[in-house]
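As you go down the protein sequences, you meet chains A and B in turn.
The numbering of the first sequence is my numbering, which starts it at 493 and goes up by one.
The numbering of the second sequence is my numbering, which starts it at 493 and goes up by one.
Everything labelled a hint here was simulated from the structure, so no lab data went into it.
In this text the structure is predicted, and so the values were computed from the model without any measurement.
Check each hint, because a few of them may be wrong.
Intra- or inter-copy, both count: the list cannot distinguish identical chains.
[What the hints assert, rightly or not] List time: in silico DMTMM-like cross-link candidates among lysine to aspartate or glutamate, alpha-carbon distance up to 25 angstroms:
#1 LYS636 x ASP658
#2 LYS583 x GLU625
#3 LYS511 x ASP687
#4 LYS583 x ASP630
#5 LYS651 x ASP630
#6 LYS573 x GLU639
#7 LYS651 x GLU546
#8 LYS524 x GLU508
#9 LYS511 x GLU695
#10 LYS651 x GLU639
#11 LYS573 x GLU629
#12 LYS524 x GLU698
Next come the chains, spelled out residue by residue.
2 protein chains.
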Amino acid sequence: MGIITISREFGSGGRELGKRLADELGYSYYDKEIVTAIAEQHKLDEHYVSYALEGGSFRNFPVHFGRTFSYSPTLMATEAKLFAEQNRLIKEFAAEGNCVIVGRAADVILREHRPFNIFVYADMASKVCRCQERAPEDEQLSAKQMERQIKRIDADRRKYHGIISDIPWGDRRGYHLCINTTDRDIKTMVPIVADYIRLWFEERGE
Amino acid sequence: MGIITISREFGSGGRELGKRLADELGYSYYDKEIVTAIAEQHKLDEHYVSYALEGGSFRNFPVHFGRTFSYSPTLMATEAKLFAEQNRLIKEFAAEGNCVIVGRAADVILREHRPFNIFVYADMASKVCRCQERAPEDEQLSAKQMERQIKRIDADRRKYHGIISDIPWGDRRGYHLCINTTDRDIKTMVPIVADYIRLWFEERGE
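So here's chain A without its partners, still in its complex pose (with noise of 0.2 angstroms):
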């Protein structure tokens, strides 16, 4: 069949549902294998891996990425490496064939590939609830708190995607289909969901 990216908010539970649906569809999924592979290869801590790939260092840099030096040249050198590392392995993973990704902009990576590109919402109380019920108790944010770090995460997210598409993050016209898990078990919408992708690819002769 093909390809299937998760794009989400953070807390929507967007990675659950790419997790279910891949082991629903039996396909392959990629979220924090990518940091790891990248990391090992690099020999870097996976922490810094992460938080650079996960648009943290744009959170310095003015929007025209790329077109502004005032950051630190070496250290953007490394980013921009990672970054390119990164649209490699999501490119080989995609050519193995039937896989998820979550996040990454891999809709936007794979555009070539005709994945089909799912967005993850829901309202922010009800993401405020999923991240603290998912969070250790002895690192618990408070609503107040937590809802901060969302918008900030997902700030993240819109500008790095804001750097690679025409699209803005977020935006319907980016996705196949738009999904509000507010106040939802995304346990039991998998089956319906992988039903729908299933369709699609089949109309599309995949």
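Here the structure of chain A is known, so what remains is to put chain B in place on it, guided by the hints.
Same frame as chain A, now just chain B:
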């Protein structure tokens, strides 16, 4: 179960999806029926009612409808009455139970009924193609003309929605599911979308 609202870009097949969903679920279906009822009741021409209610009248309005009265007060009073009547009818239909309502900002009007809100959209080329297939042979527009018409109608819908809701028309946050129908066969996706909605109502105990 409940109430389903369909908002849609012109030419995206949203009306077909709504009609077929209603058939699949055994729900009532309301679209032009609302215009007909109002026209009969007010002894007005159906085309005029349709034009006024489908946003035609907003084309001459500044964005802050209701504050600016450069427009004929009598005509405006008539149109305000038509909108009030439309809203009353929508609520009446909703009170009768299971139904699908297409357009007319029913997602906003029926907010308190907690409807399942769908937004249907597609690429411009796909919408033009769908409209051309649907048009009678003697009413064919060129692709360019059709594109202009689609943009105009959607701009009217966006404007009307913007008057009564804080969430912009077509913004994912206002909907439970956003479906991209580009190059899709509406008919085959209906049973799957119906399953998705059934589960949503079930999880709410409705």
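Each hint tested on the structure:
1. LYS636 x ASP658: So LYS636 and ASP658 pass the 25 angstroms test across copies only (23 angstroms; inside, 32 angstroms).
2. LYS583 x GLU625: Cα proximity of LYS583 and GLU625: none, with 34 angstroms in one copy and 38 angstroms across.
3. LYS511 x ASP687: Classified as both; 16 angstroms inside a copy, 21 angstroms across copies.
4. LYS583 x ASP630: neither (38 angstroms within a copy, 49 angstroms between copies)
5. LYS651 x ASP630: Result: close neither inside a copy nor across copies, 31 angstroms intra and 48 angstroms inter.
6. LYS573 x GLU639: neither (32 angstroms within a copy, 42 angstroms between copies)
7. LYS651 x GLU546: Within one copy, since 11 angstroms is at most 25 angstroms while 37 angstroms is not.
8. LYS524 x GLU508: within (13 angstroms within a copy, 41 angstroms between copies)
9. LYS511 x GLU695: For LYS511 and GLU695, both the intra-copy (24 angstroms) and inter-copy (22 angstroms) Cα distances are at most 25 angstroms.
10. LYS651 x GLU639: Within. Shortest intra-copy distance 18 angstroms satisfies the 25 angstroms Cα cut-off; inter-copy 31 angstroms does not.
11. LYS573 x GLU629: neither (36 angstroms within a copy, 57 angstroms between copies)
12. LYS524 x GLU698: neither (27 angstroms within a copy, 38 angstroms between copies)
Against the hints set out earlier in the document, violations occur for numbers 2, 4, 5, 6, 11 and 12.
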